[in-house]
Each structure stands twice: as C-alpha cells, then as structure tokens.
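Asker: Could you build the full structure based on these sequences and the hints that come with them?
Residues per chain, in single letters:
Protein chains: 2
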Amino acid sequence: MIRSVDVPVLVEQSRAGMPRAIGRLISLVDDQHPALRETMAALAPHTGGAHVIGLTGSPGVGKSTTTNALVGAFRKAGKSVAVLAVDPSSPFSGGALLGDRIRMSEAATDPGVYIRSLASRGHLGGLSVATPQAIRVLDAAGFDVVLVETVGVGQSEVAVAGSADTTLVLLAPGMGDGIQAAKAGILEIGDVFVVNKADREGADATVRDLRHMIRMGEGTAPRGWRRPVVRACAMDGTGIDDIAASVGDHLDWLAASGELRRRRTARARDEISALAVAELRSRMGDLGAGGTLEQLAADVVDGASDPFAAADALLESVVG
Amino acid sequence: MIRSVDVPVLVEQSRAGMPRAIGRLISLVDDQHPALRETMAALAPHTGGAHVIGLTGSPGVGKSTTTNALVGAFRKAGKSVAVLAVDPSSPFSGGALLGDRIRMSEAATDPGVYIRSLASRGHLGGLSVATPQAIRVLDAAGFDVVLVETVGVGQSEVAVAGSADTTLVLLAPGMGDGIQAAKAGILEIGDVFVVNKADREGADATVRDLRHMIRMGEGTAPRGWRRPVVRACAMDGTGIDDIAASVGDHLDWLAASGELRRRRTARARDEISALAVAELRSRMGDLGAGGTLEQLAADVVDGASDPFAAADALLESVVG
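Chains as they are written, first to last, in numbering that gives the first Met the number 0: chain A, 0 to 319; chain B, 0 to 319.
Don't read these hints as lab results, they were simulated from the structure.
Don't take each hint at face value.
It does not matter which identical chain is meant; a pair holds if it fits inside one copy or across any two.
[As the list claims (entries may be wrong)] Derived lysine to any residue pairs resembling SDA-like cross-links, with alpha carbons at most 25 Å apart:
(1) Lys75 x Pro33
(2) Lys78 x Gly302
(3) Lys78 x Pro227
(4) Lys78 x Gly290
(5) Lys78 x Asp301
(6) Lys75 x Met234
(7) Lys78 x Asp311
(8) Lys75 x Asp241
Answerer: As structure tokens, then:
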C-alpha cells in the first residue's frame with residue numbers, strides 16, 4: 000500500500016530543518032514513491048546551495064571513521080552536514096549498526112548533523128537514479144555540506160556519486176600502490192587524495208607512489224587544481240583538519256574557475272539521461288502489460304515487421 | 000569510413016546461400032552499420048524457419064567440442080547448420096583459432112555449414128542487441144538449425160541468447176554439483192541438460208544431483224516437457240545422437256504445444272525493448288552534442304526545472 004503524502008508540507012518542514020520530514024522525503028526516494036516527481040519539482044528552486052562531497056575508497060580504508068571525523072571538523076567550522084551512505088559495506092548502511100554508529104557519534108544529538116543510508120536497489124535505475132535525488136533533498140534542506148560515502152570505484156550503480164562537486168579518494172598503506180590505484184581508475188576521479196592509517200608501515204611509499212602517479216596523469220585533470228595527497232589517521236584525528244582545508248580550497252577553486260557550474264551541469268545531464276532511460280523502461284513495462292509491445296512482438300514473429308520498426312513504434316507510443 | 004552496401008543484393012545472395020553475402024550481413028551486425036535497419040526490414044519476411052538452439056555452459060565443459068559433434072549429427076540428418084559463437088572464451092571467437100578450428104573440422108568445405116563469431120561489444124546495446132540480429136540473418140539465409148554458443152549464464156550481455164527456441168545446458172563432472180547448478184540459475188533456462196565428459200569420475204553423481212534438482216524445480220518449467228539429462232562424451236562422439244534426438248523431441252513439443260510461438264514472441268519483445276533503449280541512448284547522445292540536453296541540464300542546475308520534467312522534455316524531443 001502506498002501512503003499518501005502531503006508534499007508541500009514535507010518540503011516546507013524539511014527546509015525548516017525538521018529531521019522527520021527530511022527522513023520521509025529520503026524514504027520517498029528510497030521507495031521511488033509516485034510522489035517523488037512532485038517532490039523533486041517542489042525542491043528544484045531551493046537546490047544548489049550545498050557543497051556536495053563524495054568520499055570513496057575500498058572496504059577497509061577507513062571511510063566511516065574518516066566521515067565521522069570530517070563531520071566533526073565541519074561542525075567546528077560552523078557548517079551543517081548531511082551524510083548519505085550509499086556504501087553497502089558501510090556501518091551507516093546496515094540497520095542495527097547504523098543505530099550504534101549514531102549513538103557512538105557526538106553527532107547523535109546535534110541538529111546540524113543528519114545521517115542517512117540509501118538502499119533502493121530493486122527499482123528501475125536503482126542507486127544511479129536515487130543517489131542524486133537524495134542529494135537534492137539534503138541540498139534543499141539547507142545543509143552546507145552533503146557528504147556522500149560510496150564504496151570502491153567503477154560500480155556503475157554508485158558511480159554517479161563520483162560526480163560530486165569534490166571527490167575525496169581514500170587509500171591505506173598496503174591496500175595497493177599507485178599503480179593499482181591507477182588501474183582502479185581512482186586517479187581520474189579524485190580531487191583530494193587521503194592516505195589514511197598513515198601511522199602504518201608503508202605509508203611513505205603509498206604517498207610517494209600516489210604523488211608520482213598523479214603527476215604522470217596531470218594531463219587528464221582540469222587545469223589549475225593540483226590534487227593534494229593528505230596523510231591522515233582518522234582514528235585519532237590526525238590530518239582531519241588538513242583534509243577539511245583541502246576540501247575548502249577545492250570549493251574555492253571550483254567557484255572561481257567556473258568548474259563548479261560545469262560539474263553540476265554534467266551531473267544534471269547524467270541524472271536526466273538516467274531518468275529518461277528508467278522512465279522509458281517503466282513505460283515499456285506498462286505497454287507490455289497493456290498489449291502494445293506484445294502486438295509489436297507478434298508482428299515481428301510473423302515477419303510483418305522488423306525489430307527496428309517495432310522499436311520506433313514502441314518509442315512513439317511510449318512518449319506520444 | 001563506412002563502406003556503401005547494396006542491401007537488396009546482399010539479402011538475395013545470402014538467401015541463395017552465398018557464404019560471402021552472409022558474412023557481410025553479419026559484419027553489418029557486428030559493426031552496427033547504418034544499413035542494418037534496412038537489412039533487418041528486408042530480412043523480416045524470410046525469418047522464422049530455423050530452429051534456434053542455444054548451447055551454454057561454464058568454460059571447460061566442452062562447449063566447442065560438443066558444438067562440433069552436434070554439427071556432424073545434424074548434417075547426417077540432412078539439416079543445414081549455422082553456428083554463431085558469442086562466447087569470448089570459445090576458439091570460434093578468437094581470430095587465428097577460428098581459422099584452425101574450421102580447418103580441423105569436417106565442416107570446412109561443407110556448404111551446409113556456416114560458422115561465425117560475434118564480437119560487437121563497443122556499441123550501444125552490445126551483444127544483447129547484436130545476437131538476435133545475427134540469428135535473424137542466419138535464419139533468413141535458410142539454415143535449418145542456428146546453433147548459438149554462449150559462455151556461462153547470468154551475464155546480461157549474452158543472456159539474450161538464452162531465449163533460443165531450445166536451450167542446451169552443458170555440465171561436466173567435478174565442475175559443480177546440482178546445488179551449484181541451481182545457484183548459477185541454469186536450471187531455469189535449460190530445456191535439455193548434457194553431462195559431458197561422462198567417462199570421468201563423478202559423472203554418476205552429477206547426473207543424479209542434476210535430476211534431483213530438476214525434479215525439485217519442476218514447478219517452474221512449462222508443463223508437458225520433462226527436461227532430460229543426457230550423458231555424453233563429445234570428444235569421442237558418445238551420446239551426441241542422444242542429444243540431437245532430445246533436441247528434435249523438444250522442437251516437436253514446442254510446435255505442438257504452442258510454446259514455440261510464445262517463446263519467439265518473448266524473444267522479439269526483449270529484442271524490441273533493447274533496441275528502443277539503445278536507440279533512445281543514441282538519440283540522447285546526439286541531443287547532448289546538439290545542445291538540447293545541455294540546456295535542460297543548465298535549467299536543472301539553475302533550479303528552473305527539475306530532473307523529471309527535464310527527462311520528459313528529453314524523451315519528447317528525442318522521439319518527436
């Protein structure tokens with residue numbers, strides 16, 4: 000059963016910072032609820048104010064600990080922060096652990112912090128559609144920073160989260176040298192690199208390798224931003240202020256260079272395309288049930304039509 | 000550079016059984032050539048005569064040897080056979096090896112046999128679009144049997160080949176018991192099961208496990224067809240006639256039960272849907288280059304539109 004939703008009220012309450020309203024809007028995203036369309040239209044005029052930061056890295060590099068520490072650093076600087084976990088391996092994403100995490104964290108009772116995981120996988124478009132929508136909810140709710148935690152790189156479902164304003168890539172010593180980082184494709188997506196657990200053996204080598212690979216790949220990055228490699232130990236807070244400072248520098252550069260608008264337009268382009276394809280698939284499904292696709296398929300089987308002509312007819316009846 | 004193509008002549012020649020014309024048509028498919036649309040329209044009235052047999056299994060179970068042996072059995076029965084290899088691990092698919100294979104085979108100089116691999120991966124839709132198109136070429140060319148060899152199960156790109164009229168699933172002893180087969184999802188797709196290398200240790204157990212799992216899953220299969228488990232040793236020809244007989248029985252049952260038409264309609268439905276999505280993506284790409292998508296994205300960034308409204312506008316300008 001679909002619960003009825005008063006979208007204008009929820010949007011107003013979420014913009015007033017009411018966590019329950021924000022939570023219900025994110026649930027609409029997670030469920031790909033029919034009211035989502037109305038919600039996105041209502042939120043549109045209020046978006047664009049948040050600095051969207053992507054944080055990614057392989058399991059075990061310390062993403063959640065770093066996220067926690069960064070939330071503290073941003074709060075110290077007076078910024079409100081929303082965390083969106085789309086990492087299935089994250090403790091944020093696992094029901095009970097999520098609760099533990101929040102209880103553990105100083106953030107638990109701080110109204111300037113909101114933490115939420117995304118799960119929607121069964122739906123058309125999955126996380127590639129849901130993630131930007133959830134970001135949009137948190138952006139419109141007025142958070143200064145939206146921190147999106149994703150696992151690894153290269154998974155198409157969560158790749159969209161890599162098109163944040165600023166992408167933080169976390170590595171850890173012994174988790175792979177610079178060459179492996181290059182193979183994993185993370186050199187291209189990172190704006191700020193963090194070698195976490197920098198007290199461990201091999202940290203110097205990882206930092207050196209990474210710097211070398213970044214220099215070699217300089218041609219691929221936008222001009223004017225030298226991608227820093229920050230040493231950190233999120234567990235005891237070492238280097239966290241350095242990460243926050245680098246992220247702030249990056250935002251300044253994004254705004255001054257025009258790259259911010261370029262990135263956001265690219266992100267919107269991907270989001271629109273993904274939605275158009277998801278919408279098409281959904282309408283095709285409806286047409287399948289309604290008999291249109293069935294009839295087109297029968298025509299193809301009978302040799303009365305060919306698949307291209309049938310696909311055109313399908314597109315037309317789907318959109319017309 | 001795109002070579003110009005005289006589609007009506009190629010279609011006529013391919014229907015007269017000229018291997019070079021058939022080869023050029025399949026190359027059009029492999030390249031997703033602009034003339035493909037005209038080609039499919041010209042072939043449409045001539046399709047539907049071939050028995051399309053899918054042959055699948057993990058690497059190492061003996062797919063190519065079995066294919067070779069089956070080609071011999073079909074020829075002995077007076078049937079012409081086309082083999083389409085969409086298995087990247089198949090010797091049919093690897094350039095030099097393909098040549099060796101054909102030279103090795105008795106089929107090399109037999110005009111009733113045609114062997115070809117498909118490679119098209121870089122294109123929109125990839126093998127999921129190309130495979131049914133290639134089948135269509137071979138079907139219209141008049142082959143009695145079109146045998147499609149695919150690797151494994153569950154890869155979305157080649158899964159479409161699983162919607163053949165008849166699907167043969169190959170296993171080998173020690174390659175996994177019935178439970179693993181169930182996990183791999185092959186119980187659902189097989190119409191005839193072959194335990195190849197049946198002279199090896201463990202063959203009895205594999206056959207027994209498989210029969211057990213098939214009985215347990217009986218509810219999921221169409222009524223009226225008891226899926227046989229055939230023991231074979233393709234290397235020395237043992238059991239090959241049994242496979243051919245089971246495949247023939249299955250075709251008789253398909254025709255008599257109406258399941259043949261049902262399956263072909265389902266296959267056409269999938270093909271049409273995949274083409275519609277590929278076509279949409281391609282047109283969206285064109286619109287991106289033309290500035291429409293860029294403008295829609297800019298509107299979303301400015302808060303003047305939301306992604307859903309933009310996706311609708313995109314769909315409309317793409318199809319209208």
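Asker: Against each hint, give a clear statement of whether it holds in the structure.
Answerer: Hints versus structure:
no. : hint           : result
1   : Lys75 x Pro33  : neither (39 Å within a copy, 59 Å between copies)
2   : Lys78 x Gly302 : between (64 Å within a copy, 23 Å between copies)
3   : Lys78 x Pro227 : within (23 Å within a copy, 67 Å between copies)
4   : Lys78 x Gly290 : neither (54 Å within a copy, 37 Å between copies)
5   : Lys78 x Asp301 : between (65 Å within a copy, 23 Å between copies)
6   : Lys75 x Met234 : within (18 Å within a copy, 72 Å between copies)
7   : Lys78 x Asp311 : neither (51 Å within a copy, 36 Å between copies)
8   : Lys75 x Asp241 : within (14 Å within a copy, 76 Å between copies)
Violation of the numbered hints given earlier is confined to hints 1, 4, 7; the remaining hints are satisfied by the structure.
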